[in-house]
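Chemist: Here the protein sequences line up with chains A and B, keeping their order. The numbers in the first sequence follow my numbering, run straight up by one, and end at 706. The numbers in the second sequence follow my numbering, run straight up by one, and end at 392.
Bear in mind the hints are in silico, worked out from the structure with no lab data behind them. Careful, some of the hints might be misleading.
[Claimed, not checked] Below, in silico cross-link-like pairs of lysine-lysine (DSS-like), each with a Cα-Cα straight-line distance of 25 Å or less:
(1) Lys37/B x Lys10/B
(2) Lys291/B x Lys699/A
(3) Lys291/B x Lys701/A
(4) Lys699/A x Lys296/B
(5) Lys10/B x Lys113/B
(6) Lys296/B x Lys704/A
(7) Lys701/A x Lys10/B
(8) Lys291/B x Lys37/B
(9) Lys10/B x Lys704/A
(10) Lys193/B x Lys10/B
(11) Lys291/B x Lys172/B
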Amino acid sequence: MDNVPPDDTIICRCSDVTRAELRAWIAHGLTSMDELKRLTRITMGPCQGRTCRHLVMQELAAVTGQPLEELTPSSFRQPLKGITLGAVADWVAKEKQEKEV
Amino acid sequence: MKQQAEVVIIGGGVVGCSIAYHLAQNGMKDVVLLERSYHASGSTGRCGAGVRQQWGTELNCRLAQGSCRDFETLREDLDYIADIEFKQGGYLLVAYTPQQVEQFKLNVALQNSLGIASRFCTPREAQEIVPHLNIEPLMAATFYHRDGHANPFHVTQAYADAAKRLGVEINLYTTVTAILTAKGKVTGVRTDQGDIACRVVVNAAGGQAKLIADMAGVEIPTISERHQILVTEPVDAFQGPMVMSFHHNTYCQQTPHGSFIMGLGDPREPQGQEIRSSWQFLKDMSDKITAMLPPLRNLRIVRQWAGLYHMTPDKSPILGSAPELEGFEMALGFSGHGFMISPMVARLMAAHILTLTHPDLDILQRLTVERFTRGDLIIEPSVV
Ligand SMILES: Cc1cc2nc3c(=O)[nH]c(=O)nc-3n(C[C@H](O)[C@H](O)[C@H](O)COP(=O)(O)OP(=O)(O)OC[C@H]3O[C@@H](n4cnc5c(N)ncnc54)[C@H](O)[C@@H]3O)c2cc1C
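Just chain A, with the same shape it has in the complex (with noise of 0.2 Å):
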């Protein structure tokens, strides 16, 4: 985003996202954690939001001043953490060769 003042917080990890990004996003009018997530690919990285979602709602909540728990959070995807294409693909070869026997 431009214009955007440096800012050395970062909020999100996985996606590299500062305070000063996420805040000028708010300012621009997105005022749910999905829309937030959809432009900024916040909470979206490989950690699934467990590190920055509580961080995000809590500036919306500052910013909007939207109660947290009014805030709807986006929903929650099981982090598939730890399986590779690969995996998955083994797993299917092996069933293959079990219908096969």
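Based on these hints, arrange chain B with the ligand on the given structure of chain A.
Modeler: Frame of chain A, contents of chain B with the ligand only:
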């Protein structure tokens, strides 16, 4: 919310927002856009983000070509505050059967005749373009270096922001519940936030466009169909082009952000509004993609999701007026490639609604819904 407008657009995806922008940009003062959720919450935000010009019909080639030109300067033209992440790493389309090879030859001839400088490649040449491509069973490929990727969220937001600056009223979290009509004409739209009187409604409701058409009593021959997709962790750039196979019904591209996005068309997918994702997709996708692009084995899957394709019988979109209801305009049935052609679709829809001239207006005229009753289908052979 306004109670009266010249045009009401239903749908805040890329199609609705780009039409809103081009209407306003051409001087229409009083445009209202309604979106039941937030921008790009429908198919647009769930899509594969691919932008290709290598199509099999003249109309799709021209729509994609003009749109690509728009993407190249979109950020500046719309004066947008962020990057739309437009990347032109090319598309490599791969063929595995003699029939596909024949189709590709026809496609390349057509594309070249329209100024799309795609080229036919041997398997070896294909491997020079994507070194980690498994060329074992491959027969041929085609490549165009100016195809690529753009970020659908930012493209949509860019159009929405620009439309707003030109005076378009955008109402998010506003659901259309009825189309008001009298004597065969549109008179307004009912929403959960009240009614808006208007003489023109644009149905740009994506996977829900058929439900909106039903509200208006307008018949369209379309179905919604689930399509699934996944994204991996970001890694250093090592794949420039999108790799797409009509044989395996797969596509796979590395985004500028470093993640790989990949999807799969599956005839067993359910019709309707179902968009939960399945374990079966994860298995099929992993199986096919690791055979085609072996080094992708090592990538971790971060997320999978699904969205709707809104399919027409010939897999080309439906644009323009509904014959049975005056003032009911349509931009729907994109059959899985509405993002990449939205800039041109919007230009043509705006020209059509405002009765302006446009050198490509013949495209819209040939894509009206009447083509199905005339039997004049525009069958697109090259879709996943
Ligand atoms: C998995 C997948 C991969 C894809 N890959 C690509 C690709 O690589 N390239 C490409 O070009 N295309 C791709 N597509 C297709 C592309 O996503 C669509 O063609 C395009 O986004 C359609 O845009 P739209 O604005 O018409 O629809 P949408 O983005 O669905 O917008 C319609 C909007 O209307 C709203 N709406 C619905 N009903 C109502 C109502 N009653 N009241 C108010 N609002 C309402 C919805 O909330 C929605 O936001 C893909 C699609 C999927 C599902």
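Chemist: Looking at the structure, which of the earlier hints fail to hold?
Modeler: Those not satisfied are hints 5, 7, 8, 9, 11.
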